[in-house]
Every structure is written in C-alpha cells, then in structure tokens.
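Let chain A serve as the given structure and place chain B on it in line with the hints.
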Amino acid sequence: AGSSIPSSVRKVSSSRITLNMCASSETSTSTGLRMEDVCEVGRKRTGNVIEGPVFVVGDNIDTDQIIPAEYLTLVPSVPEEYAKLGTYAMIGLPDKLYKTRYIDPEDTNEKGICRTKYPIIIAGDNFGCGSSREHAPIAIGAAGGKVVIAESYARIFFRNCSATGELYPWETPERLVEKFSTGDLARVDFENECVVNVTTGKEYKLNPIGDVGPVVDAGGIFEFARRSGMIAKK
Amino acid sequence: ASPPAKQPMTLIEKVLAKGANKSFVKPGDNIWVNVDVLMTHDVCGPGTIGVFKREFGSDAKVFDKEKIVIIPDHYIFTADERANRNVDILREFCNEQNIKYFYDIQDRSDFKANPDYKGVCHIALAQEGHTRPGEILFGTDSHTCNAGAFGQFATGIGNTDAGFVMGTGKLLVKVPATMRFKFDGNMPDYMLAKDMILQTIGDIGVAGATYRTMEFAGDVMKQLSMEERMTLCNMAIEAGGKNGVIAADETTFEYLKGKTNRPYEVFHSDSNASFYYDKVYNIEELEPVVAKPHSPDNLDLARNCRDIKTDRVYIGSCTGGKSEDFIAAARILQGQKVSVPTFLVPATQKVYDDVQTIRVNGQTLAEIFKEAGCIDPASPSCAACLGGPKDTFARLNEALTCVSTTNRNFPGRMGSKEGSVFLA
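Residue numbers (my numbering), protein chains in the order written: chain A, 1 to 234; chain B, 1001 to 1424.
Heads up, some of the hints might be wrong.
Derived, one-sided and incomplete: chain B residues facing chain A with beta-carbon distance under 8 angstroms [what the hints assert, rightly or not]:
{"#": "1", "residue": "Val-1043"}
{"#": "2", "residue": "Tyr-1075"}
{"#": "3", "residue": "Arg-1082"}
{"#": "4", "residue": "Asn-1086"}
{"#": "5", "residue": "Thr-1140"}
{"#": "6", "residue": "Thr-1160"}
{"#": "7", "residue": "Asp-1161"}
{"#": "8", "residue": "Phe-1164"}
{"#": "9", "residue": "Val-1206"}
{"#": "10", "residue": "Ala-1207"}
{"#": "11", "residue": "Thr-1210"}
{"#": "12", "residue": "Gly-1387"}
{"#": "13", "residue": "Gly-1388"}
{"#": "14", "residue": "Arg-1408"}
No more than 30 angstroms apart at the CA atoms, straight line, and that leaves these computed lysine-lysine pairs for DSBU-like [unchecked claim]:
{"#": "15", "chain 1": "B", "residue 1": "Lys-1065", "chain 2": "B", "residue 2": "Lys-1259"}
{"#": "16", "chain 1": "B", "residue 1": "Lys-1309", "chain 2": "A", "residue 2": "Lys-99"}
{"#": "17", "chain 1": "B", "residue 1": "Lys-1390", "chain 2": "A", "residue 2": "Lys-99"}
{"#": "18", "chain 1": "B", "residue 1": "Lys-1350", "chain 2": "B", "residue 2": "Lys-1257"}
{"#": "19", "chain 1": "A", "residue 1": "Lys-117", "chain 2": "B", "residue 2": "Lys-1390"}
{"#": "20", "chain 1": "A", "residue 1": "Lys-84", "chain 2": "B", "residue 2": "Lys-1390"}
{"#": "21", "chain 1": "A", "residue 1": "Lys-44", "chain 2": "B", "residue 2": "Lys-1174"}
{"#": "22", "chain 1": "A", "residue 1": "Lys-117", "chain 2": "A", "residue 2": "Lys-205"}
{"#": "23", "chain 1": "A", "residue 1": "Lys-99", "chain 2": "B", "residue 2": "Lys-1292"}
{"#": "24", "chain 1": "A", "residue 1": "Lys-111", "chain 2": "B", "residue 2": "Lys-1390"}
For the record, the hints were derived by calculation from the structure and aren't laboratory data.
None of these values were measured; they are calculated from a predicted model.
The C-beta atom is built at its ideal place from N, Cα and C for all residues, glycine as well.
Pulled out of the complex, with its shape left as it was, chain B reads as follows:
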C-alpha cells in the first residue's frame, strides 16, 4: 500500500487532473480537459458533423484526425434509407477530413465483405486499442462508460458537446465525486460480472450514482477478465453514473499488448482519498440476479423468476454480446436444447469469428448453439438492443417477453411498448 498522499485524490480525480494539466482537482471543480479520443457512430455522427460545420465553418478541420474514431454500428443491416444515408454521410466526412480510424461498411448483404467494418462501437474501441489507462475518452453514446474498465475517464455526451470537441479537442467537465464498490472473496463459477452490476444498480437505484463516478475495486477485480470488467463499467450509466472505472493491472497490460503503441499512465486511488460512498460486497454471498420489467433497478433473484413464461432470448450488445458472454452461454447450452427462439448477435467481427473457433469440451461455440437449436448468429451490430428500424434483427414487434443480455428494459426499449424485457 502506498503512503498517504499530501493531497489525496481518487483514481478518476487523478485522470482528470492530468487531462487539465493540473496537479490537483476535487469534486465539484469545473475544468477544461484535453480529449484523447472522441468516438461517434451512425446515429449521432451526422448530427455531430452538422454541429461542427455549423459552428466552425464548412471548411473547418477536426482538431486531430487521429484522435477521432468513427464506428458505424447501430442501424446497419436494415433497408431504412435514412439509416443507410447516415453511414454515407460519415464516409464523406472521413474522406474530406482524412480521418484515420473509420470502420466503414458498404456491402450490407455480407458483413464479411467489409474488411474495415468492426461492429458495436464500445467493443471495437477496446479491441482496436483505442482504450488506454489514464486517458480521457468521450463518445456520443451512453455506454461509452464501458471503457472505464481500462482505468480511464470515459463517458457519453450529446452531439453539441461532441461537435465542440471535434473542433477544439477540449471539453468543460465538472469533477465527479467517487462512489466505491468493493467486491471481495472468491468468485464462484455461477456468478458473472453482469450479476454484480445488476445487484449494484438494484441496490442504489437508477439514479443512485447520478453525477458520480462508480469505482469498482476489491479482490474480485483481479479475478475478472477485461471483458468482464467492461460489463461492469458498461452499465454504470444505468445507475445514473457519470462513468465507471477499474484500476489497470497486469490483466489490462496483457490485453493491450499488440493493440496499441501509445504509452499510457496508470493511476490508483490514494489510500487516504475521500469517497462519497463506500460499499463492500462479499461475492460469495451473492447470487445470479435479473432486472425485471420495466427498469434496470427492478432487481430479483434469478431463481425467483423460474416460472415466468418467456417468448424469446436475446444474447448480444456491448453489454452481453462479447466472446466471453457467448462462452458462458455455450457452457450452459452444451448438450441441451433451447425451448424458445434464441437470438445471437456477436458484438463485433472478432466476436463472430470467436464464436466459430473457440471450443468448449471439443465443440465450437457455433456448433453448440446450432445443436441446441439457436438461430444462426447474426451480423455484428447493436441490432435489437434498442429496437431500431422496424426490420431490425430480433426486434420485439409485438407484446413478447424477452430475457436479454442487454442493458436497458424501460418500456419500448427493444421495440414494442407492450414488450417485457428481463435483463440478465
């Protein structure tokens, strides 16, 4: 343990201080920070570009063509003309500005025919090495907090703020107080990070962390892979959190090897730092849980929901469509048959490939799912997590009950207002 600091700060306070070129910041301070990465996608990109051109001029250049990452992922495999036009708008802007990182798609009939296309933005950011400890990342999407798993400050902003960042490379932010959630003990094999975050949100409510950082710590963190850590931070927004964060360690460095060349800085909360809230969980006392309709904080034990009739299962999204999520599903489904239509949407091309190649007890995940009677894995994108255009894969177009590995279940989230979504 490090000696008490003279001016103690939490991990996130240190990241923001560095971003503002200050030696010390405290919660409540309004500071200008330098932005390391700005991410946008097909839904908010065109609007952000509109703000940028309106405010900085139609001939303006972005602040740094290597710090903007543009990832079409939301409404991709659809016949909706406006959705398709929006990807065209991104392409033309990237051409004009010489944007280095644009994960384009043009042949919608076959995602594999698009070598640059990745899929879901938050997972693509991690897999392509854009998430680094100590950095500041903004994205025009609420689940940008996903990247906090890498020990950085990452949060969602609207088009206007993003347009501002596009032109200046800076943003005005208020330093958030940190709420710390420690998970101690040995992780049982029936628990996943999704259970941990649903438990946390259920305990504090959908506004329990509003304006604050959720720092996840404790013995369990080093037992979690990067993908599991992403699941934890991904849903900080569902508790109203400004961002989520987990200190970087060997697991993080190992994950980043070969993905990024940029040097990064690792921060930890000082042992005498002030936390707004400090909670300790013993992971061995927790159980698998779900969030019942229609709120992410409507917590219940999974075993209490045994008798609820479901119409379908959806495994996908930045929250629950990563390779390890599919491995977890395959372990349960191996040798079994599904009783309801089961939709699988790998988050990215890499995840899709993993589903075809990773083996559990001699079978590939794809083989396990096929034998179990699941629907063939779909093209990687956000798909039905947020409903989307009516022809979106797996969209709830009628009053169905769906158990889903996604992140929100407010009325109408996956399509029909009469749908019922259980988050798992």
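This is chain A alone, in the form it adopts within the complex:
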C-alpha cells in the first residue's frame, strides 16, 4: 500500500524551487512580490466601520460561481498567484443574471493588479455552498472583498472565512437582497452591529458576529491562536 520514491526520480535542483514556493510565502521568486503587497489579512478594518459600494447576489451562490475550478491551479500561498486568484473572483456568475460584474477588467491598480470596487457583498441564503475549496473566500478577499452579509452560509465556506481571516461573514435576520442594489454605498458598523444603506438612508440589524470577529481581526485562526496563547508563537 505504501510508496517509496526511488532516488532516480528526485530532481534535487528543481525540488527546492517548487517547495520554496510553498515554504516562503514572503517573496515570490520571479516577481519579488511579497504577501503583504497583495494580501490584507489581519488588516481588513482599522476602525469600527467598513464602508463602500455593495455587490448584490442571490441565493445558493456556489463555489464554482465564486471561483471556477479551472483557476484552482493557482496556489494561494504564492503572492503572485494569490493576486491572480483575486482577479477571477465571482467570474462564474452567469452573465445574463449579473450584467454588472464583480471585477471590471479596466480596474487595475498601480501594480497592474485587477481589484474589485465592492468591499461588501450582500447575499441571500446558503452563500458559498458546494466545494470545500478555500480558494473561494481567498479569491474574494484577494480582490479586495472584506465583508459578506448573507441570510445564511454553507458550513465549510463559513469556516474558511475565519480560518483564513479573509472575510467577515455577517448574518442578517432580514432578507436584504431586495433592500440593496449593486453600487449602493453601505456602512457596516461593528460596534452597533448593523449595516446602513447610505444611498437609501435605511438601517438594518445584523446578527452578532460572535467569536468569529476577533479571529478575522487577528488575521485567521493561526494568528488568533498564537495571540491568545492557544498555540506557541512562531
């Protein structure tokens, strides 16, 4: 049942390059991009408010719509590939239903990376259903997403949001997909646990984010565990 790898197979010179891509998430060997150049995990909010335009989606948005399988060859721990993953966020949404896209190919920043205008997603039920792929919350986060406000989440997606620290997964007691339109400006208030549609002036309660909030604040489950003393510092 086991497999011992014959020494003839070991390609020593190339092995360090490929493994190094995973070992050091600090620098991408080819472009010199560092993880902190492209990733905002641990720095998703500076105060008690996250404000910005919203992108509205419906129910049962599955992981294939969030990040189609053909892009899963990108390895999220490599800075250059992490950034590229972000450029494909939500690209699987059907064009007929979503004429305004989450990412506009024209929106490239000074580093030539394409990011979203919409830090906040408003969704219906069962957001993130389907696969266990962590690439889903990572793609949205890499694109510049910070908050999802949904009626409910699929289990693994919800868990991956906090494990990676990429997104604050808020829940609402009230269906908001008809109360917001893509492009409306929203203000998510972490202290008062509500979201305001600044464009319409209306305010909506959010379910308390509970223990998940501090984990995303810290930058994911490992960083949180280290800071709270659950596991030893690196």
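Coordinates of chain B only, in the frame set by chain A:
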C-alpha cells in the same frame, strides 16, 4: 435491539466522543478531536503545504507520516503547466517528509505506467483501506463525506484547517446534530442509491442538512453494497450536510478484509438517542429521479424528462464512476446503441481494470460499451466533473446539455456557464 443507554448518543456523537477522549458529547459542543487520516490532492495539497510551512516552519515535520494520504487526482491528464507543477510540489513534500501513502503519477501519457497512481481520491481511500469504522477522517475536498459509508466521521475542510491538522494531528469541531433518513422495504432492481440521495436532497433542499450529520438507516442499508453506500454518503454535502454516515456491518467487514490491518471500532446510534429529524421512506414507492439544471435539489422523475434533448452523457466521478456504476450502465446498454456521445471515466485504476474484466451475460463491460458506441474509457481522474483546465477530457466547452452521474450541476460546473447538466 440494545437496552436504552443512560446517556444516549447517536453513532456520530460516539465517534466524535471517542476522538476527543470523552465519554459523552452532545450537539453544539466544541471539542478537539484526534485525526486518524488527513487526505489531500493536487488542487489543495500545495496550498495546504504552504500553510503548514508558513505556520510551523520550513523544517517542520508532519504530525504522523503514516496518517497523511496524498492522492493526485483532479487535474492530471492536462497540458496545463501549473497543474503539472502542483503534482511535483506534492512529490517533493512527500520525499522530504517520508510520507508513506503518496499515489504518484509521473508519466501522464500512460496512466498504467504509474504503478502507484490510483485516481479519484475518495474511491482510492476506500480501495486502499484508509476508511475504517469509528475513525475520524478529514480531506481537503467536499466529497470526503463519501467515507461515512464505513461508519466513520469524514468531512471536507479548507487548506488552513488542513495545514493545522498536518502540524498537530488535531482539529476543533462542533458536534453536529443527526438527521436520520430510514429507507425501508425491498430494493427494486430499477432503483440505485443515486436515486435515493437525489430524492433526499430534492426533499430537503441544498441547505436542508447544513451543519448536520445525515445518518442513513433502515432495511435497505443491508441490501446495499459498499459502493452503493458510498454513493449515498458522497452527496451529503449537496444537502449542506456536515457529513453522512451508515453503520458498519458484515458487508463493511467483508469489504475491509485484506485492505487494512488496523483494528477498528463499530458504533451504532442508541435506540433512545435524539435525532434532529427522522424521516422514513418506503423504497418501493420511489422511482428513478434526476436533478435538473442548475441545482442538485431541482428534483424531477426521470420519466418526466424523457423528451428533453441531450447532447452527451458522462459516466464518471467519485459519485458515479465506480465499478458498480459501470455495471449498472452496462446492463442497460448491452445490445443497444447510444444516441449521443457517451464519455466514460473510471474513477480509479482498479475500476478501469474492472471495466475490462467484469462480465455481464458473457461480455465484459468494455465490450458492451464498445459495441454500444461509447467513447473508449478515459484515464482515471476527476476529469470533467468540475470542468477543470480547458483541455480536460469531456469538459463542456460550449452550451451543451449533459446527463451526468456526477454530483453538482450549478452553472458552469462542468465548464461552460451556458452548459446544462442533469444529475442522474
């Protein structure tokens, strides 16, 4: 029937309690469990390795080199350079860590030239004896719940959680409540486990079992082979289920003989355990069903879909590409001709071999398929179930209607966003 327990627990509660070294757990408890097996593949393995090295150090060693099973299976027979590089990354990590179970592939032009290569991870796990009653198995893939057919707790996790398990051998989990689905009666020959699970998902919806265990029970279970039980548990995730489970019995023990030496423990739900939901089906009142585009819960009777024009048929994946799935297909196709391009992708090398050797009424499955006009069986892998790189075998690259034995049919699942997939 066993006497009422003082502190009754369901099957899954008992498995998790054992994993946490506790005598009793109840739904909602957050517990640390010891992990018996961690599985990863070519899509999520590199990312998981990245997390492991980043968090535990580039010289860190995995928690147990015999409890991690690494199975390349998703994007294997493709020219995509990144996909191929990802298998190289797995190989180098396995070398470095001395991982015992790595089912490697290097010669992509001929899968048979790779003695270690298996194919689709969930079926390989079962066939290679890594699935055992009473154990806890995590995999970086949503269909890890497939292994629940062996009376264990098995579920999918992301790269970060998997990286954590790689370093510590433990994971924090919340004990799920159990929903029980009993199927009673005598299984008619026109019904398959796939019909049972599509019916269940259609009845409760794609979020009907979110955060909960789906326990399958009733008279029909002992009439099901291990492969049929795997089909049932495989799609628990499509109802949002945390995991699926079927109590182990003689059929399970027989299957495991010769595959594993590790001792295992068999659990059953106590007769007075609490279930979140309890439903009984009479299998004799059910019919073959399909899930229409574009959701696994878009249920309809197969006979209602007779007149829908289809462009192709796909038989493959962990859900519907096992040996018995091909036997079922061969029974229907024997002596007939297919009307549309029919793609066959055996899940593993063993399944591929079975297709060449198993006989139905004197003919091998391969002979039956060839005579019927099917496309020759492809190299074992996940192939088009999830689309994949553009050159993937059988990928829907345009607006086609496909009837498929796979597990999901959301828009774009098999490739083109304009494709329509009927799950059968």
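Tell me, which hint numbers fail for this structure?
As far as the earlier hints go, not one is violated by this structure.
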